[in-house]
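Taking the hints into account, I'd like the entire structure generated from these sequences.
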Amino acid sequence: MVSVKVLFFGEAFQLVGKREETVEFPAETDYEELRRIILEVEKVIFKVFQKYPALSKIEKVMMLAVDQEYANPGDRFELERFTEIAVIPPLSGG
Amino acid sequence: MENKDWVAGISKSDAGRYSRQLLVDDFGVSGQKNLKNTAVLIVGAGGLGCPVATYLGAAGVGTLGIVDYDRISLDNLHRQVAYKEDQVGQSKSQGLADNVKLQNSGVTTVVHNVSLDSSNAMEIFKNYDIVCDCTDNVATRYLINDVCVLLNIPLVSGSALRWDGQLSVYHYGPDCPCYRCLFPSPPDPSSVTNCNEGGVLGPIVGTIGSMQALEVMKIAAKLSTTLAGKLLLFDGREGKSRTIRLRKRDPKCAVCGDEPSITAPIDYVLFCGAGAHDKIENLKLLEPSDRVNVHEYQEIRTARKQFLLDTRPPVEFEIAHLPEAINITLNECRSLRADELSSRLGVDSQTSDVYVICHRGNDSQRAVVLLREKLGSIHFRDIIGGYEEWALKVNDEFPLY
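So the protein lines, in turn, are chains A and B. To convert, note that position 94 of the first sequence is 93 in numbering that gives the first Met the number 0; the numbers rise steadily by one, no gaps. To convert, note that position 372 of the second sequence is 371 in numbering that gives the first Met the number 0; the numbers rise steadily by one, no gaps.
It should be emphasised that the hints constitute simulated quantities derived from the structure, not laboratory data. Be aware that one or more of the hints could be misleading.
What the hints assert, rightly or not - The calculated lysine to any residue pairs, modelled on SDA-like cross-linking and capped at a C-alpha distance of 20 Å, are:
1. A:K56 / B:S190
2. B:K247 / A:E68
3. B:K221 / B:D128
4. A:K17 / B:E237
5. A:K56 / B:G272
6. B:K304 / B:V346
7. A:K4 / B:K239
8. B:K229 / A:P72
9. A:K4 / A:I44
10. A:K59 / B:L181
11. A:K56 / B:R333
12. A:K59 / B:S184
13. A:K17 / B:G197
14. A:K4 / B:G238
15. A:K56 / B:N281
16. B:K251 / A:M62
17. B:K35 / B:K125
18. B:K239 / A:D66
19. A:K59 / B:L269
20. A:K42 / A:R18
21. A:K42 / B:L369
22. A:K4 / B:R236
23. A:K56 / B:N330
24. A:K59 / B:P188
25. A:K4 / B:E237
26. B:K217 / B:D128
27. B:K247 / A:P72
28. B:K247 / A:L63
29. B:K247 / A:G73
Shown next as C-alpha cells:
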C-alpha cells in the first residue's frame, strides 16, 4: 500500500468538506479500484461507514486525474508517494 | 521610388489603435487581421461574458454576437463589471453590446435577446467562427456543445463558482474531445450548485473570462498553443492553477464520435432533468405533515421558544438569522452522529419538535430526511421557503440575499 494525496475540487470539496486527504491505495491499481476507494473516502476522513457516501452524488460526472492526466476506464496505475490524484466534477456556474 | 509609396500590412488607423498587440510576437499583423475577420458568439452576458466581450471588443474582433434573455439586476453588479447602476433593469445582451460599441466603434455587434434553446441555436450559431460558453447552467452547456460539434465550431468554455474556475477549448482539432466526451451523462440536478446558491467572487469570473478571451485570440490567430485537450483548474483561494491533460476524443461519443446518435439538437431540459437557467428549483421531498409555512412558524415561536436548526453555511448564517437558530450545516447533518447532533442542538429525551430552516427551503428538506433517520424520537419539520419566504411574508427588514 502507498499513501497518496487526493485533491477535491469544486463540488467534491463541498461534499467531502476537505480540500485534500491522504489516502492509502495499493501501489499497483487500476481505474476502477481508484474510483471505488475514492468514493468511500469518508471512511478515511470520518472513520464511519456511510451507506450513501457523499461523493456518490457526483459519481456520474466525477473525473479523476492522476498526476494531472485524465484517467480512463481500464487504465492501470503504479502509484508512488508523490502521486497526486484529483477529483474533478464539472463546474457549471458563470 | 516615390517618397509617398509604402507597403502596408494593416491600415494606418488599425496600426495606431492596436500597436501594442501588433508588437507581440506570434500575434502581430496576421493575428490582428485574422481577429478582424473573425465572428465570435458569446452565450451568456454575465460574469464571464462581460470580460470576454470587453476584451475581445477592445482587441478588435470583427463581429461579436451576444446571446442573453435576462435583464441586469443589482446583485449582478459586483461581478458583471461591464454594467452600470443606471443599466439595472435593461437587457443584458443589448447593454453589453452597447458598452462594447462605446469602447470600440469598429466592432460589429449582434444582439440576440433570446433564451437559447434547441429551436434557435443552430440558426444563431451558424454565422460564427468561434463560440464562447459563458452560461450558468448544465442544460445550456450540453446544448452549446452539441451545436458546436454539429456545425464544427470550436468552443471556448469557461465556468466558475465560489473561489474556483475551469477553462477548456472543446472540439478544436481531430483529437480534441468535446464536453460530452468528458461528461457523457449529466450531473444529478441536486448535486449542481449555481452562483445564486454558492456565490462567486468577481475576480474569479474576471480571471476565467479574461482567459477565455485570450483563447479566442489564439484560435483566431491560428496559434497551436490553445487549451484544446486540456482543462485548466483555477483555485483562487490558494492562488494555484493546474492544467489537466484530458482524454482524446471518444470515438463512441454520442455527438462527436464515429457513429453519433445525436445529429440534431435534443431536449436538454429533459436530458439534464434541470431547467436552462440558474434560477432555484423548488424541491418537494417531504409530506405536508413534515412542513410548516412561515406564518405557522411565526405563531409557534411566539407561543414558546422553539428548537430551530439552521442548515446554511456559516457565511450565510452570519448575514442574518433568527435569534433561536442553531447553525448545523447540511454536511454536518450528514456526517455527525446522533449524540453529537443532540448536544449541538441542546435537545434531550423530552424534546419532541425541532424546526429546520435554510435559505430557500430545499436544503432544510434534505436535512429533515437525514435527521429523522438519526434522531427518530424527534419530529423534524422544515419551514417552507426558508428565510427568503420569512423576509417576504413576515419581516420585510430581514436581509434578502
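Q | Hints violated by the structure (listed by number, smallest first) | A | The structure conflicts with no hint, since it agrees with every one listed earlier.
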